[in-house]
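Visitor: Counting in my numbering, the sequence shown tops out at residue 404, every number present.
In case anyone wonders, no lab produced these hints; they're calculated from the structure.
One or more hints might be untrue.
Straight-line alpha carbon distances no greater than 27 Å define the calculated DSS-like cross-link-like pairs of lysine-lysine that follow [stated by the list, open to error]:
id, residue 1, residue 2
1, K403, K335
2, K366, K391
3, K300, K251
4, K315, K335
5, K315, K257
6, K338, K366
7, K315, K383
8, K366, K300
9, K366, K403
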Amino acid sequence: IIQRYAPAIGGSEAWCEGMCRFLSKNGVEIKVLTMDIYNEDEFWRDPPIVNCIVRLGRLEYDGNILIRRYRRNKIHPLVFNFFKYVLDKGLKIYFYGPHSIEMYVKMAKEIKDADIVHLHTMPYPHNFVGFFIAKLLNKKIAITPHFHPEHPFYERKANYWLMRKCDALFCVSDFEKE
227 IIQRYAPAIG GSEAWCEGMC RFLSKNGVEI KVLTMDIYNE DEFWRDPPIV NCIVRLGRLE
287 YDGNILIRRY RRNKIHPLVF NFFKYVLDKG LKIYFYGPHS IEMYVKMAKE IKDADIVHLH
347 TMPYPHNFVG FFIAKLLNKK IAITPHFHPE HPFYERKANY WLMRKCDALF CVSDFEKE
């Protein structure tokens, strides 16, 4: 479960794609749940039409890797401010985008047949949603946080709590590991 997947360009996206391809070539059945976001600007708003150079399919295959892309939602400002106050200010859980209500709703159906749920890219909310659904379904959970030490959105107790509660944690660098 990751916020964006190839052909979107980014560090966590490239790492996730490489890991999925490696595992798939070694016989592991992989399903990626992600959002239909290409550029980071699209986390919060629709891009101008001149920037729409890539059309992402709702269901794609990269070799044997199944990729399900869900619509990113713009959250109504009143709802956003409510959750921002409760989650971000109260519980210190990063609430800012991107969000996909469609992906959150369909996650249980997608996760129920999985052996392992692998979460990517702290501090985005899909990690917490995926974690709680996987826990409810009694699944093993791994996380690759792509953590940015000393960044205020990452350095929150809730993020450390989530990483400690996962069954496995993968670090992509010694800096992240420290």
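Visitor: Indicate, hint by hint, whether the structure satisfies it.
Guide: Right, here's what the structure says about each hint:
1. For the hint linking K403 to K335, the alpha-carbon distance of about 33 Å lies beyond 27 Å, and the restraint is violated.
2. Distance hint between K366 and K391 is fulfilled; the C-alpha atoms sit about 10 Å from each other, no more than 27 Å.
3. Simply put, K300 and K251 have alpha-carbon atoms about 37 Å apart, too far for the 27 Å limit, and the pair is violated.
4. As the CA atoms of K315 and K335 are separated by approximately 31 Å, the hinted pair breaks the 27 Å bound.
5. Proposed proximity of K315 and K257 is contradicted: the alpha carbons are some 34 Å apart, above 27 Å.
6. Under the criterion of a C-alpha separation no larger than 27 Å, the hint pairing K338 with K366 is consistent with the structure, at around 11 Å.
7. Pair hint K315 plus K383 holds up; C-alpha atoms about 13 Å apart against a cutoff of 27 Å.
8. A distance of roughly 31 Å separates the Cα atoms of K366 and K300; the hinted pair therefore is violated under the 27 Å criterion.
9. This hinted pair checks out: K366 and K403 have alpha carbons roughly 21 Å apart, not beyond 27 Å.
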